[in-house]
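Enquirer: Here is how the chains run, residue by residue.
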Amino acid sequence: MNILVCVKQVPDTTEIRIDPVTNTLIRAGVPSIVNPFDGYALEMAVRLKEAAGGNVSVISMGPEQAKNALKACMAVGADAAYLVSDRAFGGSDTLATSYILSCAIKKIEKDKGDPFDIIFCGKQAIDGDTGQVGPSLAEHLGYPRVTYVTDARWKEDHLEVKREADNGFDRLRCPETVLLTVSKTPYEPRYANIKSKMAANRAQISIITAADMEIDLKRAGLKGSPTKVKRTFTPVHNKQGIKIQEKSQERAVKRLIQLMTEAKLV
Amino acid sequence: MCENTRDVWVYIETEEGKAKAVGYELLTPGRLLADKMRVRLVAVVIGDQVEKIAKKAIEYGADQAIVLDAPEYKVYNTDVFGDAMTALIKKYHPEGILIGATNNGRDLGPCVSCRIRTGLTADCTGIDLDEESGNIAWTRPAFGGNLMAVILCPDTRPQMGTVRPGVFKRPVSDESRSGEVIHETVQVRTNRIQLIEHVREMAESVKLDEAEVIVAGGNGLGSRDNFCYIQELAQVLDGAVGASRAAVDNGWISHAHQVGQTGKTVSPRLYIACGISGAIQHIAGMSESDTIIAVNKDPDAPIFSVADYGIVGDLKEVLPIMTAEFKRMKTGEQTDDNHGD
Chain A
1 MNILVCVKQV PDTTEIRIDP VTNTLIRAGV PSIVNPFDGY ALEMAVRLKE AAGGNVSVIS
61 MGPEQAKNAL KACMAVGADA AYLVSDRAFG GSDTLATSYI LSCAIKKIEK DKGDPFDIIF
121 CGKQAIDGDT GQVGPSLAEH LGYPRVTYVT DARWKEDHLE VKREADNGFD RLRCPETVLL
181 TVSKTPYEPR YANIKSKMAA NRAQISIITA ADMEIDLKRA GLKGSPTKVK RTFTPVHNKQ
241 GIKIQEKSQE RAVKRLIQLM TEAKLV
Chain B
1001 MCENTRDVWV YIETEEGKAK AVGYELLTPG RLLADKMRVR LVAVVIGDQV EKIAKKAIEY
1061 GADQAIVLDA PEYKVYNTDV FGDAMTALIK KYHPEGILIG ATNNGRDLGP CVSCRIRTGL
1121 TADCTGIDLD EESGNIAWTR PAFGGNLMAV ILCPDTRPQM GTVRPGVFKR PVSDESRSGE
1181 VIHETVQVRT NRIQLIEHVR EMAESVKLDE AEVIVAGGNG LGSRDNFCYI QELAQVLDGA
1241 VGASRAAVDN GWISHAHQVG QTGKTVSPRL YIACGISGAI QHIAGMSESD TIIAVNKDPD
1301 APIFSVADYG IVGDLKEVLP IMTAEFKRMK TGEQTDDNHG D
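Line by line, the protein sequences are chains A and B. All the letters of the first sequence, read from the start, carry residue numbers 1 to 266 under my numbering. All the letters of the second sequence, read from the start, carry residue numbers 1001 to 1341 under my numbering.
If you're looking for bench data, these hints aren't it; they were derived computationally from the structure. Mixed in with the good hints there might be a few duds.
No more than 30 Å apart at the CA atoms, straight line, and that leaves these computed lysine-lysine pairs for DSSO-like [unchecked claim]:
no., chain 1, residue 1, chain 2, residue 2
1, A, 247, B, 1297
2, A, 49, A, 184
3, B, 1169, B, 1316
4, A, 110, A, 223
5, A, 218, A, 264
6, B, 1074, B, 1036
7, A, 264, B, 1169
8, A, 254, B, 1316
9, B, 1330, A, 243
10, B, 1297, A, 254
11, A, 228, B, 1169
12, A, 230, A, 218
13, A, 239, B, 1018
14, B, 1018, B, 1091
15, A, 197, A, 264
16, A, 243, B, 1055
17, B, 1036, B, 1169
18, B, 1020, B, 1091
19, A, 243, B, 1264
20, A, 228, B, 1316
21, A, 243, B, 1327
22, A, 106, A, 184
23, B, 1018, A, 254
24, A, 239, B, 1090
25, B, 1091, A, 223
26, A, 254, B, 1330
27, B, 1052, B, 1020
28, B, 1074, B, 1091
29, A, 223, A, 264
30, B, 1264, B, 1074
31, A, 197, A, 67
32, A, 264, B, 1297
33, B, 1327, A, 264
34, B, 1074, A, 184
35, A, 223, B, 1018
36, B, 1091, A, 228
37, A, 218, B, 1091
38, B, 1316, B, 1330
39, B, 1090, A, 230
40, B, 1055, B, 1036
Extracted from the complex, chain B is given alone in its bound form (with noise of 0.2 Å):
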């Protein structure tokens, strides 16, 4: 049976039964594009024992959910995920897809827009209608950051995108939400690629894309040793901590750490620079937190152009200062409370 939809769908990557955190950040612009062009926002889940996650996208925003649950699509390859995902837009002919920018979607999204023969936009940072065409309009940096492109597919269908992760905000939750779970069962073909071992070696408090606080060190620190003046500060705040590309490499933080163009697309509540003078590539990260503190010597340096408070000075000298006031203020509110007066 063939459907044309026309619906837009958001892809919702899965592993280990387990959501990335992504697939829900693009319920929320999937919304906005569904409202506008007056259809349905589908989200399609694929992996092992991901019902909850249907569910949850529903909750989430999502009118309906279309679901693969089978074991083999516990772990992502492409042969397997690239079968289902085709086999479903042959199926149902979406208007438009929504794939997360994670090493798997960009993976996943070329290998699907090649087979269907329609255009694919990478590592979007905006997605809006056109109103003029009513086609999707895909912003996406180029050039290291320097330049944005706006990108249309006119004549193909479906019209995909991969979209950097931490650019959107995750909806609001509405647990009252109802919307039909299709459960769907394609024909895939055996995985040409063996997996012999996955490796986990990113410790959990990594985890940039979710913190609300990101403070992040750059070349400014001078050397590994310094990073414990980031380190300090990011625990006082519980917060996460980043790094610019100098700082990775430099080999004194891992790549996981690292913000900006070629490292982690960020969007905290409060997100302080110390040393980071601001290349284009780095702004391009973490330019869109809700507020930005930056900590630099070089009174000139760009990252003071996208800051909502710098403070001129020697990191060395400041961010001790900073982690001992706020160090003061979260155990002054909890004096505060116990006095009760």
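Only chain A is shown next, with the shape it has when bound in the complex (with noise of 0.2 Å):
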């Protein structure tokens, strides 16, 4: 059994604070993290092999710098990494990305005389939020797809997910090949230690530039990217509500009655 992962470099969302006087994203110490909803699929991905055996490999998109993504996920679990960068790939959009990743896979299979089985993405990066490279990925590939995977198991001879949907969950029988995005699972994903951290930082990641594979390149980048950003702001909220202060509770809650009934609210 192969299996891949496509992991992202992505800056800790939670850590992001508005800059007040420029009003831009300060970017500058925030911390890059293995994507979190990447690391759950990386997790499925190693407890299926731990199940049925097999390899799993993952492989990045991005500047150098995101090596330290692939050694963190060799630390939990995964046997090979591979980095796609090149400069011709800065400002992809989905459409670009998904397009780039489908060629570097492709001669990744290509170089290893065997297909992936299961590819695995997240459902969405924390950055973008789009969750459009994962479907997208498959359909470049030609692969079937499920989406927003919770839990994947072993049947007897096929794999069966569970699927998030608006007003509960589907339970599906997937193909031989597949590629699944993964939502937030009922378990963690494990931790490393140190052993496996030091194993991890040995270990080789093999670089995949434009130049290693077939690709049109009039299709990556910038210049191959549909979409174009117009321009970027930062929301800004600062209603002047009226903040309620009274010696009691009581008074409190009588106030915003009066309030609300004065503006015909109730």
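Fit the two chains together into the complex; they arrive one by one in their own frames, and the hints show the way.
Expert: Okay, structure coming up:
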């Protein structure tokens, strides 16, 4: 069983602050982490490997620095890691990114002489929050896919997954090759230990550049991206609301209802 | 036959013959776009026995409806719906497509945009026409709601976007409106993923997206048991119960109740945030509510920056009083009616 997990290195968005003067994101000093949903996907992949044998590879697209994210994945169960990195890929939107990843995956499969049976992605990255790269990658590769998966288990001869639906969940039977995008799992990903961290630090990470694969560069990078960012802004919230402070909470609530009545809200 | 209609499409997602609310909601920005672009607004309805939904969409403002109505569309799956939508786009060549950002909508969107090789903007909260270029301007939050980006798709068509449920209000229905309903049939492949069973587990009472009043609790509740304060107030106001991510992560209430960036986006008439500090991720999901009341111990909590009315205090004290007062007003109204003087 060949399993591949796509991971993205992202800034920890819970640590992001807004510069009050320029009203822009302060990215300096914000720690980089493995996208949490990719972490859930990796844990699910490693559990499947442990149950049925095989190997788990991880792939990421990004700058050299994203090697750290791949090493973190190797410390918690990934067996091999690939970094897709090239200046020509900068500024790619979800369509271009998924196309580049599909070219890199085809190259890895060709080198190994063995296709990936299951490809995992997180349901979305916490920086872009688009959730589009996974499903688009499935389309480029021609894989059937299931999105928003919360659990995956081997049944006798097939993989069964649980998918979040708007009013509950679906249980689905997957074919032999499939791409899954993973939402929050009912279990937490495992932690690395000192030994696994040290081994991961020594591990080789293969770098794949544009020159290494068959790719139409017109479909990559900023120029190959159909969507363009026109502008960005930070949402400002400073409603001049009324803060009610009274001697007792009874009076505060009475005051609230009085104000709401005056505003014809009740 | 190929037609270059250049229309604006709104995809009306259905499930077991029922339309999801977001499809009708999107007819509001769809109408605005179509009028500004001087094209028709077309509702695309795919499902099983959905003729009445197509008619309803016209009453809500669509000029025309394109319908795929067959048993194979009863339940969503990527392969069949992806083929169906792609075939329709290749036939009619619309200018723009709005899709509700439900799990299924966010599954369908990238499948289709990838095949057509066009741009798709995810999870938008604002839609308008970029007057300068004549393109659709899609506004969406990124970085957990810390940053908003305006996205254009200048060179490829159709311009596609998924749009968050609960952001736009459903248009007013006008039963006198009429429009053509076109029935299509397209060739679709066999679904490669087999559905074993669909399990409904969400209580109907959750219904955050359709509630007029939402009472939401956060970390400040302190315990699962204290959610009773939220429930009692919600009950008196005929409202739904919401929660912040912290309350969900603490295991006090299910994810179905979560409001915010990774939960539901809501815009009820009245939103009462109790013990919710107001992280940007939460505010991203409720700041468009008509009236917001915040109850929080910390006078500097960011939730007060979006609140119309704030009460600084312990919710365990404040909420029972509010519940009692609103209950008294409710029964008081009835008593007044009975008096008749």
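Enquirer: Which earlier hints can't be squared with this structure?
Expert: 3, 5, 6, 13, 15, 16, 20, 23, 24, 29, 35
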